[in-house]
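With chain A fixed as given, assemble chain H onto it according to the hints.
Single-letter residue listing:
2 protein chains.
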Amino acid sequence: MESAHASLPQSDPTIKTSLIHLKDNAPTWFAELQTQICSMLETIEDEMGHPTRLPARFDFKPWKRNDPTQPNNDGGGGTIGLMEGGAVFEKAGVNISTVHGEFSKEFHKEIPGTETDPTFWASGLSLVIHPTNPFVPAIHMNTRHIVTTKAWFGGGIDLTPTFLFDEDTNDFHKAMRDVCDAYNPDAYAKYKLWCDDYFFLPHRNEARGIGGIFFDYINSGDINADFSFLKAVGTAFIDIYAKLVRRRMHQEWNMDDKYKQLIKRGRYAEFNLLYDRGTRFGLMTNGNTDAILMSLPPVAAWS
Amino acid sequence: MESAHASLPQSDPTIKTSLIHLKDNAPTWFAELQTQICSMLETIEDEMGHPTRLPARFDFKPWKRNDPTQPNNDGGGGTIGLMEGGAVFEKAGVNISTVHGEFSKEFHKEIPGTETDPTFWASGLSLVIHPTNPFVPAIHMNTRHIVTTKAWFGGGIDLTPTFLFDEDTNDFHKAMRDVCDAYNPDAYAKYKLWCDDYFFLPHRNEARGIGGIFFDYINSGDINADFSFLKAVGTAFIDIYAKLVRRRMHQEWNMDDKYKQLIKRGRYAEFNLLYDRGTRFGLMTNGNTDAILMSLPPVAAWS
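Chains as they are written, first to last, in this note's numbering: chain A, 1 to 303; chain H, 1 to 303.
Excised from the complex, chain A in its bound form (with noise of 0.2 Å):
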């Protein structure tokens, strides 16, 4: 996909105007975005209920980022938000993060815009939900807006059931094929199929869920279009969850159920270890180590 970069358009003064104007607007609705995420995760908690304790919570945990390069070695930081040990959510991480410094030289190459002045700003929320019911799917989020000499939205979600429901297999991808209609006919068919390619385990020769929608250097021109479609995608990730797992969460399930999800997970912990760009990016660059291993699964299984 490393073509995809030459679609981006090269920095002018006017998307630099509006650029400004999202350094706020996009860490804010991130932030919006983790609250609303949270609140749904916990309501359903709620709904489910616990017979000998009170509904599990998320606790919020900020971090700073230091970056030498900066004043201060102020780079930035973010909000963990993780919720552990649920009746319905054994493990959900929402992270957000506002970051910004420079570049090493190692990553120019990875990094459009950054071939002439390394500096970056970053800001994006990112998700991974490990259900305790083997039949509620897990998921992934990530929402990111990223900005060099040149800048792009880029993000998706994911999802990876153990056991698979046509229904819940339809419902989730006609959602993602409608938040991306709405933005460009041409989107959808273009983000899955990313999605497949990324998303998949050559040395298992499997895919780790059933896919999703997965994009990146997003710049249409259209800077405010382009920031609707993301907020967009955060929206319907809510929507669409919630009936996932309001549908699944009642279904009995035994020990043997479990031992597969737990299998399951093992694959998700060897995609993010082994290829998941952002977790090998982060742990290359000195990221939060905790936000970046968020994403593995609270316990997973090897046979």
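Hint data in this document are derived by calculation from the structure and do not stem from the laboratory. Check the hints yourself; a few may be wrong.
The list that follows gives simulated cross-link-like pairs (lysine-lysine, DSSO-like), each with its CA atoms no further than 30 Å apart [said to hold, decoys possible]:
id, chain 1, residue 1, chain 2, residue 2
1, H, 61, A, 109
2, H, 150, H, 64
3, A, 258, H, 105
4, A, 258, H, 150
5, H, 174, H, 243
6, A, 150, A, 64
7, H, 258, A, 260
8, A, 258, H, 260
A few chain A positions that, by computed beta-carbon distances, are all more than 12 Å from chain H [as the list claims (entries may be wrong)]:
id, residue
9, 31
10, 47
11, 68
12, 84
13, 102
14, 169
15, 186
16, 207
17, 235
18, 250
19, 270
20, 290
21, 295
22, 303
Note that beta-carbon positions come from the ideal geometry of N, C-alpha and C, so glycine has one too.
Chain H in isolation, oriented as in the chain A frame:
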């Protein structure tokens, strides 16, 4: 440690003659070592016993390596030895393989002696043991003989306890020192440091375990002495690990202890998938995925 390549002698007729001899003897020894190790582990399962079922046993599964550069696609193969769900050993994988073929160009920089001739031959034994009892340490051993236009031995043993006991730590390091001292008075200091350097997780700023020994590119000019050292490492493994397991396997443990072991195993999986040369190299070169990922824990956790 790339500079260590420089110490390898260029191939000459004398070495070639020795190699022909070793191409039979090394695989024979690795097969014998596999038998001895599995026998030791099964004996310990017998000693421990189980209240409701027969002691766990190894299952052996041969596999073939396809290599289109070779006559009849015959790139060698190996045997996976796996024991699971034991009273003492939750998962023990003891693999041998003898493979040959041609490296693709992208590995010429990484593998000494392939600059002008891509053919290779490699034979070895690799094991990882994840015990049931959190007080029994996990262990990894690898011994291998590799031939390109150069020839060398490599391998090592390292221990990963969840709970530290000075007695175990001291006995283990002493065993490693003894086997090295009998080979070369300078070996232990070098191989211990190499091990500490290698089994380290930079993103956690922590060691995978307590270290041990790690060596590669060994070719002193006396191929028989080098091979004897490799054999001594295998024998030392059997003696010290049997001793440590028998010392701890009856120690009582609770679910908190077990959870700490699962967290430690999560770090183990992180290391193997993010950094381990053998794992990444094997997966990127279409190795046998089951054999390569045998090292992953049966169950692991992330908090």
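Against the structure, the hints come out as follows:
The suggested pairing of residue 61 of chain H with residue 109 of chain A is violated, with an alpha-carbon distance near 44 Å, which exceeds 30 Å. A distance of roughly 25 Å separates the Cα atoms of residue 150 of chain H and residue 64 of chain H; the hinted pair therefore holds under the 30 Å criterion. About 44 Å separates the Cα atoms of residue 258 of chain A and residue 105 of chain H, which puts this hinted pair outside 30 Å; it is violated. For the suggested pair residue 258 of chain A and residue 150 of chain H, the alpha carbons sit about 49 Å apart, so the restraint of at most 30 Å is broken.
For the hint linking residue 174 of chain H to residue 243 of chain H, the alpha-carbon distance of about 13 Å falls within 30 Å, and the restraint holds. Note on residue 150 of chain A and residue 64 of chain A: the hinted pairing holds, with a Cα-Cα distance of about 25 Å set against a maximum of 30 Å. A hinted pair counts as satisfied when its Cα atoms are at most 30 Å apart, and residue 258 of chain H with residue 260 of chain A qualifies at roughly 21 Å. With a CA separation close to 21 Å, the supplied pair residue 258 of chain A and residue 260 of chain H stays within the 30 Å bound.
Listed as outside the interface, residue 31 of chain A is consistent with that label: its C-beta sits roughly 25 Å from the nearest C-beta of chain H, beyond the 12 Å cut-off. With a least beta-carbon separation of about 26 Å from chain H, residue 47 of chain A lies farther than 12 Å from that chain, consistent with its non-interface assignment. Every CB of chain H lies more than 12 Å from the CB of residue 68 of chain A, the least distance being 17 Å, so the non-interface label holds. For residue 84 of chain A, the non-interface assignment is contradicted: its Cβ lies about 8 Å from the closest Cβ of chain H, within the 12 Å cut-off.
The Cβ of residue 102 of chain A sits about 20 Å from the closest Cβ of chain H, beyond the 12 Å cut-off, so the non-interface label holds. Non-interface call for residue 169 of chain A relative to chain H: holds, since the shortest CB-CB distance, roughly 26 Å, exceeds 12 Å. For residue 186 of chain A, the non-interface assignment is confirmed: its Cβ lies about 34 Å from the closest Cβ of chain H, beyond the 12 Å cut-off. Annotated as non-interface, residue 207 of chain A keeps its C-beta farther than 12 Å from every C-beta of chain H; the closest such distance is 15 Å.
The claim that residue 235 of chain A lies off the interface holds: its Cβ sits roughly 29 Å from the closest Cβ of chain H, which is beyond the 12 Å cut-off. No Cβ of chain H comes within 12 Å of the Cβ of residue 250 of chain A; the nearest lies about 26 Å off, and the non-interface call holds. With 12 Å as the threshold on Cβ separation, the claim that residue 270 of chain A sits away from chain H is violated: the shortest Cβ distance comes to roughly 6 Å. Here residue 290 of chain A does not stay apart from chain H, with its beta-carbon only about 10 Å from theirs, under the 12 Å limit.
Not every Cβ of chain H is farther than 12 Å from the Cβ of residue 295 of chain A; the closest lies at roughly 9 Å, contradicting the non-interface assignment. At roughly 8 Å, the least C-beta separation between residue 303 of chain A and chain H is not larger than 12 Å, which violates its mark as non-interface.
In this structure, the hints that do not hold are numbers 1, 3, 4, 12, 19, 20, 21 and 22, in rising order.
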